[in-house]
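S.K.: For reference, the chains in residue letters:
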Amino acid sequence: MSGLARQLAAILAGGAALLALALGVTDEPLLYFASLVLIWAIFAIGFDLVFGLTGLLSFGHAAFFGVGAYVQALLTLDMGWAFAPAFGAALLAGAGLAALFGMFAIRMSGVYLALTTLALAQLVNILVEVKLRGLTGGSDGLIGVPRPEAFGLDFYDSGIYLAFLAILFTIALAAAAILRRSPFGQVLQAIRQNEVRADQLGFDVRGSKIAVFAVSGLFAAAAGALMGGLTSFVGPDMTGWKVSGDVLIMTILGGRGTLLGPVLGVLAFELLRDVASAWTDHWYGILGIVFIAFTLFLPEGLMGGMRTLRRAWRTAGRGRPATGGDAP
Amino acid sequence: MLSTIVIGLSVAMLLFLLASGLTLIFGMLGVINFAHGALYMVGAFASWQVVAWTGSFWLALAAAPLLVAVIGLAMELLLKPLYARDHVFQLLLTFGGILVLEEAVRLVWGLDYKSVTAPPFLAGSVAIAGSEIATYRLFVIALGLAVAAALFLMIERTVLGMVLRAADSNAAMVRCLGIRVDRLRSFTFALGAALAALGGAVAAPLLPVQIGMGFSIIIDCFMVVIIGGLGNIRGAVAAAVLLGMVQAFGQRYVPDWIAVATYGVLILVLLLRPQGLFNLGRERSA
Amino acid sequence: MTPDADPAGPPLDCDGITVRFGGFTALDSVSLAFPRGRTTALIGPNGAGKTTLLNVLSGRQMPGAGKVRMAGRDVTALGAAPRARLGLARSFQIISIFPDFTVFENLRLAAQRHCFRRMPAWRDAAGYRRPRQLAEAMLERIGLAGRGADRAGTLSHGEQRAIEIGLALVGDPAVLLLDEPLAGVGSREVAPFMELLDGICRVRTVVLIEHNMDAVMGLADRVAVLVGGRLLAQGTPAQIRADAEVRAAYLGTGA
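Protein chains in written order, with my numbering: chain A, 55 to 382; chain B, 19 to 304; chain C, 34 to 288.
Treat each hint with caution, since some may be false.
A few chain A residues that face chain B, going by a derived Cβ cut-off under 8 Å, partial list only [stated by the list, open to error]:
#	residue
1	I160
2	G195
3	G198
4	T349
Pair ranges (Cβ atoms, derived) [unchecked claim]:
#	chain 1	residue 1	chain 2	residue 2	range
5	C	R53	B	L289	19 to 27 Å
6	B	P273	A	G261	54 to 62 Å
7	A	D194	C	R53	53 to 61 Å
8	B	A147	A	R260	52 to 60 Å
9	A	I197	B	M19	43 to 51 Å
10	A	L325	C	G160	33 to 41 Å
11	C	G261	A	A347	49 to 57 Å
12	B	L195	A	V184	51 to 59 Å
For the record, the hints were derived by calculation from the structure and aren't laboratory data. The beta-carbon is built from N, C-alpha and C at its ideal position, and this holds for glycine as well.
Generate coordinates for the entire structure from the input sequences, incorporating the hints supplied.
M.R.: Here it is in structure tokens:
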């Protein structure tokens with residue numbers, strides 16, 4: 055079995071396990087926690103395509119997340135659309151906005167790109183919270199965001215909604231796995247390693263950057279729309295810089311540039327939040343400390359740490375130094 | 019009209035205090051300190067605290083920068099291992115710094131607004147050319163100009179400044195000359211942080227002292243630094259004046275659009291400036 | 034200028050190229066034609082503008098004045114990527130490869146651009162046969178057949194140089210620009226490299242910058258001499274070697 059086939063098999067197996075969990079467990083807080091994790095995981099997987107795979111630092115992904123949430127909410131609440139077409143529209147909105155942001159990525163990199171995407175997202179935030187408050191409800195947001203109605207299933211049952219999320223998450227993870235291994239994914243990684251050479255070889259670096267932003271925006275918008283459904287609420291904070299920062303932290307914690315890193319990172323982040331906030335009000339500061347510790351000592355995140363452990367284990371087992379060249 | 023100009027200039031000087039610290043840190047270390055706004059916030063809270071304890075505004079003005087300089091030293095210590103690595107990690111670390119500092123402030127001072135009143139000597143207003151001008155704002159302008167002059171003198175005229183400038187362009191060479199570049203870096207970061215805190219202490223009587231204050235001013239600060247040129251003190255003064263005026267006149271005539279305009283201008287500047295001039299991949303021989 | 038049998042024009046030529054960086058003139062009205070199937074060496078002292086000219090030819094640098102043409106078609110306004118798609122490839126003086134990829138992945142990446150018009154995003158790259166075959170063939174050709182699975186960043190300088198050339202070659206370019214391909218190659222490795230280069234130079238249009246005069250004389254059909262941004266002379270290697278002006282400016286009278 056090829057590497058990709060093995061990955062996809064594992065992903066499907068994981069998805070099946072999640073489904074079983076969703077339909078078997080009845081503990082509400084656990085179901086809610088799992089739902090939160092899956093939604094953020096979809097967001098982070100998409101974000102990492104831009105950040106980890108292509109090496110572009112975006113501080114503005116909250117814009118796509120929030121826009122996805124608002125489009126979904128407005129179309130279903132105000133315009134009476136069914137969930138599915140609204141969801142499709144939300145995805146398109148997120149992808150479109152992200153493509154726009156991506157055009158800035160062509161002209162700048164590093165800190166400048168980070169600042170620009172931050173400023174762009176802040177613009178969106180102001181639009182949502184202030185300028186368009188008639189439409190969006192301003193600081194109050196929109197309440198009563200509906201969940202899907204289909205197949206006679208009660209999506210308001212937490213288990214059913216989680217099952218729904220599990221399916222979407224599995225699709226998202228599989229799509230990311232395929233994309234990363236595809237020729238297009240190779241080009242993105244090439245851009246991260248050596249943009250000048252990629253350009254010299256004849257690759258369309260600009261188009262690739264815009265495309266990956268668009269895909270990433272699609273994932274983010276999906277997550278936003280699903281979040282709206284989960285909490286039945288969307289608010290301007292969903293487009294705020296803390297959301298952009300959170301997804302970045304999650305990705306770094308888990309291990310950027312890897313398939314499962316973002317997922318692990320989300321899990322670690324939410325676990326930390328749960329544990330720490332039970333213990334103290336200031337869990338966000340603790341997160342900051344953990345984050346700083348990771349950037350200092352474990353820059354490749356949990357995935358990187360596991361890889362190091364695995365290598366050390368293998369070395370100890372063989373009794374001689376391992377050669378380099380482990381495929382990530 | 020005159021009062022709007024004075025407001026503009028005082029905002030400019032406030033921005034300059036902040037931006038000068040940021041641009042120094044960038045010029046010397048190649049780091050955009052995302053936590054700069056948080057340092058400013060800590061400076062403001064610290065000055066409130068000193069005033070609450072001692073009643074002396076002047077003491078606060080001296081103590082807050084000192085305290086925050088220490089925090090700056092601590093941050094730089096954490097940054098040291100990251101210089102050799104991808105710049106992203108420096109950004110990320112300073113971003114983590116924001117979280118920690120904000121939470122620390124929340125821990126110590128809670129969520130309320132604090133307010134600081136200017137000392138009686140500086141409170142009130144003066145009548146100039148028929149307008150009532152707040153005395154405090156004149157003080158801010160004077161202080162800002164004094165700091166600008168002092169910084170300029172230090173950098174251009176003293177041996178320390180010369181070494182700073184040299185290390186800015188070629189750290190390895192400076193190290194070969196026997197100068198402790200790492201000490202220089204610590205000093206620069208501490209100075210930058212102190213300037214941010216001074217800005218906070220000075221701003222306290224003018225603006226509400228609250229947790230989000232760092233973020234709202236940091237965008238303006240980034241703009242000043244980018245327009246003025248990263249590492250360029252003189253540019254920072256010019257850009258700060260420009261921005262201060264835009265803010266003051268904007269506030270007076272089109273207050274609804276200031277935020278949008280601010281972000282819009284930042285984006286435009288980032289787009290139009292040729293990337294080569296501001297690329298983070300500037301020669302960093304360290 | 035060599036009269037050319039090509040009705041469309043030589044595979045690559047430039048006309049009146051001028052490049053200024055602030056007050057400094059890097060290239061001053063340089064005009065050169067590169068005949069099909071011939072290897073032209075660019076020589077000259079450091080700072081003469083050779084790499085700048087190569088940057089202009091490859092699309093990395095916009096000239097202040099002048100034109101660049103490929104087979105008669107004006108490509109001056111095109112960037113590096115479009116020119117690459119027209120069949121131009123270039124290697125870099127300072128090694129510029131993809132260090133995190135394996136050697137094989139490096140070559141396969143370059144092959145992919147040659148095999149697909151639009152990069153597919155829905156299948157494993159390993160599943161496509163042609164890029165794999167091209168990459169494996171190139172691995173053989175550059176003498177790294179056993180190192181395919183190693184991360185490119187871990188290889189020695191000489192081996193990375195081979196990848197550098199391999200990346201440029203794998204697309205079977207019509208025009209190849211080589212910027213000091215032997216730079217930093219240890220004296221032991223020069224011979225196999227020369228063989229590789231010799232094979233390359235025989236069958237396509239090549240522009241070569243090199244300081245190694247033996248290589249130049251052995252590989253080049255024509256030599257162009259750049260000094261201070263200007264074209265000083267051009268001719269066969271023998272003619273250039275005998276040219277008094279060139280000797281004074283660059284070669285030295287000991288040659």
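S.K.: The structure should be examined with respect to each hint, and the outcome stated for every one.
M.R.: Status of each hint after checking the structure:
About 10 Å separates the beta-carbon of I160/A from the nearest beta-carbon of chain B, more than 8 Å, and the hint is not met. Hint status for G195/A: violated, given a least beta-carbon distance of 19 Å to chain B, over 8 Å. Using the Cβ-Cβ criterion of 8 Å, the hint placing G198/A at the interface with chain B is not satisfied: the shortest such distance is roughly 29 Å. Nearest Cβ of chain B to the Cβ of T349/A: about 5 Å, under the 8 Å cut. The hint holds.
For R53/C and L289/B, the Cβ-Cβ distance of about 25 Å falls inside the hinted range of 19 to 27 Å, so the restraint holds. For the pair P273/B and G261/A, the beta carbons lie near 41 Å from each other, so the given range of 54 to 62 Å is not met. Evaluation of the 53 to 61 Å hint for D194/A and R53/C yields a pass: the beta carbon distance comes to about 59 Å. The hinted window of 52 to 60 Å between A147/B and R260/A holds, with their beta carbons roughly 55 Å apart.
Between I197/A and M19/B the beta carbon distance is about 47 Å. The supplied range of 43 to 51 Å therefore holds. With their beta carbons about 37 Å apart, L325/A and G160/C fall inside the hinted range of 33 to 41 Å. Judged by the Cβ atoms, the range 49 to 57 Å given for G261/C and A347/A holds: they are separated by roughly 56 Å. Look at L195/B against V184/A: about 54 Å separates their beta carbons, and that is inside 51 to 59 Å.
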